[in-house]
Structure formats: structure tokens, C-alpha cells
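Using the sequences plus the hints, can you model the full thing?
Heads up: the sequence shown runs through residues 1 to 104, numbered per this note's numbering.
Hints are computed from structural coordinates only; laboratory data are not their basis.
Do not rely on the hints blindly, as some may be mistaken.
[Stated by the list, open to error] Keeping only pairs whose Cα atoms sit at most 30 Å apart, straight-line, the calculated BS3-like set for lysine-lysine is:
{"id": "1", "residue 1": "Lys35", "residue 2": "Lys61"}
{"id": "2", "residue 1": "Lys96", "residue 2": "Lys58"}
{"id": "3", "residue 1": "Lys83", "residue 2": "Lys28"}
{"id": "4", "residue 1": "Lys61", "residue 2": "Lys30"}
{"id": "5", "residue 1": "Lys30", "residue 2": "Lys58"}
{"id": "6", "residue 1": "Lys96", "residue 2": "Lys61"}
{"id": "7", "residue 1": "Lys58", "residue 2": "Lys35"}
{"id": "8", "residue 1": "Lys83", "residue 2": "Lys61"}
{"id": "9", "residue 1": "Lys30", "residue 2": "Lys83"}
{"id": "10", "residue 1": "Lys28", "residue 2": "Lys96"}
{"id": "11", "residue 1": "Lys58", "residue 2": "Lys28"}
{"id": "12", "residue 1": "Lys28", "residue 2": "Lys61"}
{"id": "13", "residue 1": "Lys30", "residue 2": "Lys96"}
{"id": "14", "residue 1": "Lys96", "residue 2": "Lys83"}
{"id": "15", "residue 1": "Lys96", "residue 2": "Lys35"}
{"id": "16", "residue 1": "Lys58", "residue 2": "Lys83"}
{"id": "17", "residue 1": "Lys35", "residue 2": "Lys83"}
Computed from a prediction, not measured in an experiment: that's the story for all the values here.
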Amino acid sequence: MPSSVALSSNRSNKAERPELASGYLGSKPKFVELKLTTLSHPSPEFSIEVNSVELNLKPTKPVKKKDGALSFLISFSDRAHYKLEIFALSAADEEKAQPNVFNY
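The structure is reproduced here in C-alpha cells:
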């Protein structure tokens, strides 16, 4: 399962949480279908006191080129609200486009 992430920020001077569409955060249908589990941050919304975080997911289905947990080490340049979108495919999937599986 190759995976990719998309990270964007809301860099306003205010520490206000941006509005998100209902259902945007959390697991998507493919997350369950691929039998992924969150290891480090089960809640899709969290805050940190330092400028980096490591997010870990565990696939229970075979994945391409990777065994064990999938880890994302993310560093932030500013204190702000960030969004992280994770995309993935199963090892057996021949598709080129990776569907969104989880949003933080």
C-alpha cells in the first residue's frame, strides 16, 4: 500500500480553528476496507506542545514495499492549525489514484 500525505496550514494571526466540512476529519470508507488502525493518535483532532509529531498507522492487510507500521514524522514551522490527509492503496490494487483514507 503506497501511502502519501498532503499537509496544509491555516496561518492566520488568530488561533481560531478553521471551519471544516462535517465528516471531513477521521477515517474514510477505504480506511476500514484496508483494515488500517491508528496507533499513535486515534482522535483525528489533537494539539501538541512541540513543533513536531509522529503519527503511526498499522495496516493489517499486505502492503507494497513496507511491513509493520506506517510512520509520518511531521515538523511544523509555526503554531497554527494544520490538516493532514493520508492516501493509500492495498498491495493488490492496480489503480493509479490513491483514495483518501484518513484526515487529521
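Hints the structure fails to honour: As far as the earlier hints go, not one is violated by this structure.
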